[in-house]
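Peer 1: Listed below, chain by chain, are the residues.
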Amino acid sequence: MQQTTGIPKISTGIEGLDEVTGGGFPKGRPILICGSAGCGKTLFGIQFLVKGIVDHDEPGVFISFEETAADLTSNTSSLGFDLDKLTTEGKLRIDYIRIERSEIEETGEYDLEGLFIRLNYAIDAIGAKRVVLDTLESLFSGMQNEGLLRAEIRRLFAWLKEKGITAIITGERGDTSLTRQGLEEYVSDCVILLDFRVVDQIATRRLRIVKYRGSTHGTNEYPFLIDEHGISVIPITSLKLDYTASTGIVSTGLPPLDTLFQKGGIFEGGSTLITGTAGTAKTIMAGYFALGSCLRNEPVLLFSFEEAPDQTIRNLLTIGIDLRPFIASKLLMIHASRPTLHGLEMHLLTLNKLLAAFKPRTVIVDPISCLISVGSPVEVKAMLVRLIDTLKIRKINALFTCLMSSANSTGDNGTIEAVSSLADNWLSLQHELVDGKRKRSVLIVKSRGMEHHNDWVNFTISSTGINLKASLTPTPSTTANGK
Amino acid sequence: MENEQRWELRLYVAGQTPKSVLALKNITRYCQENLEGRYSIEVIDLLKTPQLAEGDQIVAIPTLIRKVPVPIRKIIGDLSDEEKVLVGLNIRPLPAKNKL
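Taken in order, these protein sequences are the chains called R and U.
Sequential numbering from 1 applies to the first sequence in our numbering.
Sequential numbering from 1 applies to the second sequence in our numbering.
Here chain R stands alone, though its shape is the one from the complex (with noise of 0.2 Å):
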């Protein structure tokens, strides 16, 4: 998304949220993250500091109010952020402020000039750009005075936004408000709320903009995830259909069907998608896709959910197709993991991963109906959009293969409804008895912007490989084609 507004902006580092923000945070004003305890609102400052430091080099105060900075700097080492290496350059200031209300007693006026001091002295010390407080409602557990707290935090974001000061203001979610302190009253820019929570014993994380003045923004549910890089948002919902079509062709890996098609082949960076009840050929016409790619030299990026790598190879072997050649040229990746392994969102983002660092042309996705095992028919359903729009963005050519449960379903589980209006092209693949022989056959369902063959086409399955009987004459399709 580009930016399309007049504020300035400045990068969020959190992959992702840039997108979402459409640019980033406001520059020069205050940013208040909200959120129950352990969403990642502390995580979420320390990476906007770390990231502003090495990306932008704008230099960062992290005031603490929880965590000692020794804590802050072993906590999130985990996560690849070396914080006593930026503090020692210069970079990062981690200030402790530690308000104990027992050693406290109150009498007559004050104000928190100190704070101010302390902020101001690490600001100026470094050259401060940006600014983390985590989290300001500490003060109030502190101190009494809540009115005068209040028309102090009011002072503080006036003044930092006189500094010309980016900053991140945490906030722990209220019972009725979204903090307990309704600290959003005072921040009017930019509210980002955090998320946490367990559906069906798979944790997810989610973050919404709930309000940013003077730009557009995405407004919905964003997934993120915490890992090993930190923080990083998935906004592929934000995406539009912009994507340009190409008009290349694309052969499916299997010369005979792609006769069945009038060019001969798939238009380049589509999707197609393969549905058949278990034991009609999924994976092999897969295997013949990877196969196809591979043999044009584009990577090969295959997602199995069922079958371990070795396995998917031994099997292939048998009819003919081998891949190890392939795999050892690095040229296919197989990527094998459990379903239920991780959230959707994992899945999705350890794709967009693999597809970030191994820049495949082919992505293939065995089955992808098991996905369903692991989240709500709904939350399936945008995570297979959100999958698939990123293919499509990418150019990427796309096969994703679909169980069904019966022949005569369509759409027992969900994700044929979700995938089939998606992809641009629709295999079905079916077996029967006839005389007690199984009888294979494939029909192309659609083929969108192509001519394509309009019957039930038979094949069968030996050591060879797929032998497709197209002797038919394609019939001429009866109604326009594609959509």
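Incorrect hints may have been included.
[Stated by the list, open to error] Taking lysine to aspartate or glutamate and the DMTMM-like style, the derived pairs with C-alpha atoms no more than 20 Å apart in a straight line are:
id	chain 1	residue 1	chain 2	residue 2
1	U	19	R	105
2	U	25	R	100
3	U	25	R	106
4	R	91	U	54
5	U	19	R	124
6	R	91	R	57
7	U	84	R	106
8	U	67	R	105
9	U	84	R	103
10	U	25	R	57
11	U	67	R	106
12	U	19	R	57
13	U	84	R	100
14	U	84	R	109
15	U	84	R	105
16	R	85	R	57
17	U	48	R	124
18	U	67	R	57
[What the hints assert, rightly or not] Derived contacts from chain U toward chain R, CB cut-off under 8 Å, selection only:
id	residue
19	42
20	53
21	55
22	70
23	74
24	78
25	80
Hints listed in this document are in silico derivations from the structure and should not be mistaken for laboratory results.
The beta-carbon is built from N, C-alpha and C at its ideal position, and this holds for glycine as well.
Fit chain U to the given chain R structure using the hints.
Peer 2: Chain U alone, transformed into the frame defined by chain R:
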């Protein structure tokens, strides 16, 4: 022995604000009345030495710290409530001490 106890106090201020001036005036008076000859008050102006705010965890201004005797005590505000200040610093007012 208790009469030998010295009191070392430190008052953090930020410039000559009315609150700071009042706090210094108040604590000086309480000390003169109750701890004559047994106290010292060090005034630290954070506008001049901001780096000192960290050591005693100063957030509010004015803040009075009792360094000695230990444990450290903190009182924030202009110290206008004498009784509260004396209780907070654990200073027994003279008349009460005379009764002992």
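Peer 1: Which of the listed hints are not met by the structure?
Peer 2: Hints 2, 5, 10, 12, 18, 19, 21 and 22 not satisfied by this model.
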